[in-house]
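Use these hints to put chain B onto chain A, whose structure you have.
Each chain is listed here by its residues.
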Amino acid sequence: MKRILLLLFLLPFINGTLIAEKGFPKNKIHNWSYPTANDPTAKEIIQKADEKMRGESNIATIKMTIIRPTWEREMTLKSWAKGTEYSLTLVTAPARDKGTAFLKREKEIWNWQPTIDRTIKMPPSMMMQSWMGSDFTNDDLVRESSIVTDYEHELLGTETLEDRNCYKIKMTPKPDAPVVWGEIIIWISKDEYLQLKSEFYDEDGYLVQTIYGKQVREMDGRVIPSVLEVVPADEEGHKTRLEYLSLDFNEPIQPSFFSIQNMKRVK
Amino acid sequence: MKRILLLMVLGMSLAPLQAQDEPRNWTVNGYLKNMQTLLFFNDAYPDLSQGKLVDTFFQDNLIHNRLNFRWYPDDNWTVRADLRTRVFYGSFVQASPGYGDQVDDVNNDYFDLSHVILNERAWVMHTMLDRLYLEYVNDKLEVRLGRQRINWGISTVWNPNDIFNAFAFTDFDYEERPGSDALRVKYYTGFASSVELAVSMFDDIDEATMAGLWRFNKWSYDFQVLAGYTRGDWALGGGWAGNLGDAGLKGEFTYFLPVQDSDDDPAFAATLGLDYSFSNSLYASLGYLYNSEGGIRNSITGLFAFELSARNLYPYRHALFAQATYPVTPLFNAGAAVIYSPVQVHALFVNPTLTYSIRANWDLDLIGQLAFDQEAEGYRSPLQAVFFRLKWSF
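Chains as they are written, first to last, in the working numbering: chain A, 1 to 267; chain B, 1 to 394.
For reference, chain A alone in the conformation it holds in the complex (with noise of 0.2 Å):
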């Protein structure tokens, strides 16, 4: 449960990230049709539904689910983020980690334990660190704030997922761009563009995870999936689960809100 808690820090950047809704078996997937002039470029497209879950800043709670063939584990979070650069993380369940905070400016990490009374200050190599059994990785939480400039995009088509006119999007990483993903097939309502489903391959092709987007709904005026579900592709009952029990957008939080001394005191 270390590392989980190790990485905790990143989840507040998580709601830029790619996401979709129920999960939509191949079969259900119809209406396909060809791109047209009219609609807006990939590029825009993916930039639109990257601003709509990002906000100036924003604070949410948290209830993230690990579920394993055998068991589950539940965890409870408070975070408050401005922008890519910083954010705030505080544990508040279970009981063991409750107050446990994580704290992050630009590329600093520190950690607060509480029982020690005692900040520790994290190598940047953890930033790198897989997370939590594989189905979140670093580069889902992290890459995030590059799903705009790191990727080439292009429109596949149309499609529908349940009820939900989707673009279909094809992103390949620029040959510089600090991605470990060979391409990633992204699904974006057109209504309200929503994440509603994104498909991640690795370098030869393979399906390494999806990551769903569930419970779409209005939080503090955005319409957004409330639930983001992670599945591995080859792990049989694998799977974790975001829930944002609430979220605030573009409650102003100054730089200095994210400091030592906060990362403290919050509660």
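Please keep in mind that the hints were generated in silico from the structure rather than gathered at the bench.
Just to be clear, a hint being listed does not mean it is correct.
Claimed, not checked - As a list, the in silico SDA-like pairs of lysine to any residue whose alpha-carbon atoms are at most 25 Å apart:
1) A:K267 / B:A81
2) A:K264 / B:S220
3) A:K63 / B:S220
4) B:K140 / A:E235
5) A:K98 / B:T301
6) A:K98 / B:V137
7) B:K186 / B:L197
8) A:K78 / B:R359
Chain B in isolation, oriented as in the chain A frame:
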């Protein structure tokens, strides 16, 4: 005794109330642990009746309860009290007549906030308040008065800057670590910078510690500088935490200069450490400690009984540390730490650890502590300990 038990029961029964979402101005949390210990001495246990060192084996049990109380009367004030209660039972306790007093002795500072409730044959029950303080916070200012942990360490394993309350690496079962009876005033000057002054309670200046610490952040490094007086020495030290590429690079040192021309020599303790987290989640840490007060010929058995302070953090002059931990599954972690001292006796301390999360808030740990050194009869392991621990957090 009854009152303590009542407090424990009360504390544990109050804890679940917090699960409700009502705003409250107090909290209680803590844990209950049960630990089995097997202790093996190989030609290392002093048998007084035979007047020599013998082989022997002890089996003990420790029930350990911790209750952390917090009260927030308003936004500026906090009152904190932590109660640590332990029940020891077993053959080592029975074989050590002064066990209760020893436990009591090492756990106090200026005020006597502990009590040996029971000390009979194989049983010892001990309780103490290891945190008891009042805190006042106003914007960037933080003032704490009472028994608190003044944690000035910045590096991973050894902390020469931890002049108020040094802790032993071998004492893994005391995560919270001891506190000091002190007054501390801290002012935050930036997101990772602060100035603090602290003074411990004392009657005799020889027992006092008073010092200042300045922390600042530059080039993505945290730096700190400390100066002050501690138990007969001027202390001057510093430390940093930063990175070398993607690895963490941390260091810390303190120079101790006796105030008077005493028999004591100046002392110097310095440590340097690197840590790295691989993409498969293997975490590795390497470190070195130079400890001018440490010996080169002393037996490793002293590791569990030497007089610990920031001036003397380890019984040997040199110590090399290596640690690796790996999450085999998200619930099961395996790790090992090794400390080797390249001195005459080639002291070696090996510390394997397995931890398993049975369910939320239930943890099971299996921990070993094996000590080796070079004695007249060759390279040997005089002392081995195995700990089996179950912990419930609430």
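Here is what the structure says about each hint:
1. A:K267 / B:A81: 18 Å, holds
2. A:K264 / B:S220: 20 Å, holds
3. A:K63 / B:S220: Outside the cut-off at roughly 32 Å; violated.
4. B:K140 / A:E235: Violated, at about 49 Å.
5. A:K98 / B:T301: 37 Å, violated
6. A:K98 / B:V137: 22 Å, holds
7. B:K186 / B:L197: Distance of about 6 Å is within 25 Å: holds.
8. A:K78 / B:R359: Holds, because 22 Å separates the two Cα atoms, which is no more than 25 Å.
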